[in-house]
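Asker: One letter stands for each residue in the lines below.
Number of protein chains: 2
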Amino acid sequence: MSIDRDLIKIQKAFGERVRELRVKKGLSQFDLASHCNYEKSTISRIENGRTNITLKTALNLSSKLEVKLKDLFEF
Amino acid sequence: MSIDRDLIKIQKAFGERVRELRVKKGLSQFDLASHCNYEKSTISRIENGRTNITLKTALNLSSKLEVKLKDLFEF
Numbered sequence: 001m002s003i004d005r006d007l008i009k010i011q012k013a014f015g016e017r018v019r020e021l022r023v024k025k026g027l028s029q030f031d032l033a034s035h036c037n038y039e040k041s042t043i044s045r046i047e048n049g050r051t052n053i054t055l056k057t058a059l060n061l062s063s064k065l066e067v068k069l070k071d072l073f074e075f
Numbered sequence: 101m102s103i104d105r106d107l108i109k110i111q112k113a114f115g116e117r118v119r120e121l122r123v124k125k126g127l128s129q130f131d132l133a134s135h136c137n138y139e140k141s142t143i144s145r146i147e148n149g150r151t152n153i154t155l156k157t158a159l160n161l162s163s164k165l166e167v168k169l170k171d172l173f174e175f
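Going down the list, the sequences are from chains F and S.
According to this note's numbering, the first sequence is numbered sequentially starting from 1.
According to this note's numbering, the second sequence is numbered sequentially starting from 101.
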């Protein structure tokens, strides 16, 4: 399977994982966005699997969600 | 601690993990680079912790190193 097709699948799985962890912490998209100094639309795009995130974004999310970086990739 | 200082630490840990997995598979930097359609210098920069990699790069590396994506973040 092509990397790009895999990437779309992985972006979706990553986004769902972020949403799952955010909801578990009782945070809204706006809460998480403001914690990370992002727009709410950025969190929405990430959770909907439409972003090829960077390590820095993953690190920022993991610190605000209070999980280890590898936990974001537990899918 | 600032995200940027954390990022440098995480980039280094990620780079060491890629090197560890690459060596374990008996691949040179050139082998891994050509598998991923990267320049050797790109693999070298990643392994030396000087790259804020994207999800696509992590996916490409994990598929060539034949590990799960989350295994790259096992540090």
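Calculated from the structure, these hints are not laboratory results.
Just so you know, even glycine gets a beta-carbon here, dropped at the ideal spot from N, CA and C.
Any given hint could turn out to be false.
[To be verified] Which chain F residues stay away from chain S? Per the calculated CB distances, all over 12 angstroms, these: (1) R19; (2) R22; (3) Q29; (4) N48; (5) S63; (6) L72.
[Said to hold, decoys possible] Example chain S residues on the side facing chain F (calculated, C-beta under 7 angstroms, incomplete): (7) I103; (8) R105; (9) D106; (10) L107; (11) I108; (12) K109; (13) L121; (14) V123; (15) T154; (16) L159; (17) N160; (18) V167; (19) E174.
Asker: Would you mind marking each hint as holding or not holding in the structure?
Answerer: Results of checking the hints against the structure:
1. R19: holds, 16 angstroms
2. R22: For F/R22, whose nearest Cβ neighbour in chain S is about 18 angstroms away, the distance exceeds 12 angstroms, so it holds.
3. Q29: holds, 19 angstroms
4. N48: Holds: least Cβ distance 14 angstroms, greater than 12 angstroms.
5. S63: violated, 7 angstroms
6. L72: It is violated; F/L72 is separated from chain S by about 8 angstroms at its closest Cβ, not greater than 12 angstroms.
7. I103: holds, 6 angstroms
8. R105: violated, 11 angstroms
9. D106: holds, 6 angstroms
10. L107: holds, 5 angstroms
11. I108: violated, 10 angstroms
12. K109: Hint violated; S/K109 Cβ to chain F Cβ min 9 angstroms, cut 7 angstroms.
13. L121: Hint violated; S/L121 Cβ to chain F Cβ min 14 angstroms, cut 7 angstroms.
14. V123: The hint is violated - S/V123 has no Cβ within 7 angstroms of chain F, the shortest such distance being about 21 angstroms.
15. T154: Since the shortest Cβ distance to chain F is 5 angstroms, the answer is holds.
16. L159: It holds, given that the least Cβ distance between S/L159 and chain F is near 6 angstroms, below 7 angstroms.
17. N160: holds, 6 angstroms
18. V167: Violated, because the Cβ-Cβ distance from S/V167 to chain F comes to roughly 11 angstroms (cut-off 7 angstroms).
19. E174: Interface hint status for S/E174: holds (6 angstroms vs cutoff 7 angstroms).
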